[in-house]
Amino acid sequence: MFRRLYWVSEQVYSDGTSSVNGVYTSIPDLVHYGLRFPEQGQLRLTLTKLDSNKEPLGCWLSPNFEGLEAAMMPYLKTEEFSSEQVRLLITSLVGTNVAA
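Under the working numbering, the sequence shown has 29 at position 27, and the numbering climbs by one with no breaks.
Be careful, since some hints might not be right.
Label-pair restraints from in silico Cβ distances [as the list claims (entries may be wrong)]:
1. L59 to H34: 35 to 43 angstroms
2. P40 to E68: 29 to 37 angstroms
3. Q42 to E81: 18 to 26 angstroms
4. Q42 to T80: 31 to 39 angstroms
5. N55 to V96: 29 to 37 angstroms
6. S84 to S16: 13 to 21 angstroms
7. N55 to E82: 14 to 22 angstroms
8. N55 to T93: 32 to 40 angstroms
9. R6 to Q42: 28 to 36 angstroms
10. P30 to L63: 27 to 35 angstroms
11. E71 to R6: 30 to 38 angstroms
Just so you know, these hints were derived from the structure itself, not from any lab.
Since we're looking at a predicted model, the values are computed, not measured.
Think of the CB as a built atom: it goes at the ideal place given N, C-alpha and C, for glycine as much as any other residue.
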């Protein structure tokens, strides 16, 4: 399946700069490889379209990733993500004690 949406995982430092940890084409890959939580600073997850010059579809910051779960609902309807994948992501974030 060709993926139209990409996840970007970044470490955001206290001075506001950031570095990309990776870009992932699926929630399972994001969970397995991209959820590396920094000891200092925060983890930012960004959902973006491939080859787009528009704003990201969403951007969420640790520790709470506020609004992430609700933002995934439209993608369940279009079947871009499955309910199992969204549950995996939310559970992984909660399991690391970084999401409320």
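Evaluation of the provided hints:
{"no.": "1", "hint": "L59 to H34: 35 to 43 angstroms", "in the structure": "violated, 22 angstroms"}
{"no.": "2", "hint": "P40 to E68: 29 to 37 angstroms", "in the structure": "violated, 18 angstroms"}
{"no.": "3", "hint": "Q42 to E81: 18 to 26 angstroms", "in the structure": "violated, 38 angstroms"}
{"no.": "4", "hint": "Q42 to T80: 31 to 39 angstroms", "in the structure": "holds, 37 angstroms"}
{"no.": "5", "hint": "N55 to V96: 29 to 37 angstroms", "in the structure": "holds, 34 angstroms"}
{"no.": "6", "hint": "S84 to S16: 13 to 21 angstroms", "in the structure": "violated, 36 angstroms"}
{"no.": "7", "hint": "N55 to E82: 14 to 22 angstroms", "in the structure": "holds, 20 angstroms"}
{"no.": "8", "hint": "N55 to T93: 32 to 40 angstroms", "in the structure": "holds, 34 angstroms"}
{"no.": "9", "hint": "R6 to Q42: 28 to 36 angstroms", "in the structure": "holds, 34 angstroms"}
{"no.": "10", "hint": "P30 to L63: 27 to 35 angstroms", "in the structure": "violated, 22 angstroms"}
{"no.": "11", "hint": "E71 to R6: 30 to 38 angstroms", "in the structure": "violated, 21 angstroms"}
When each numbered hint is compared with the structure, violations occur for hints 1, 2, 3, 6, 10, 11.
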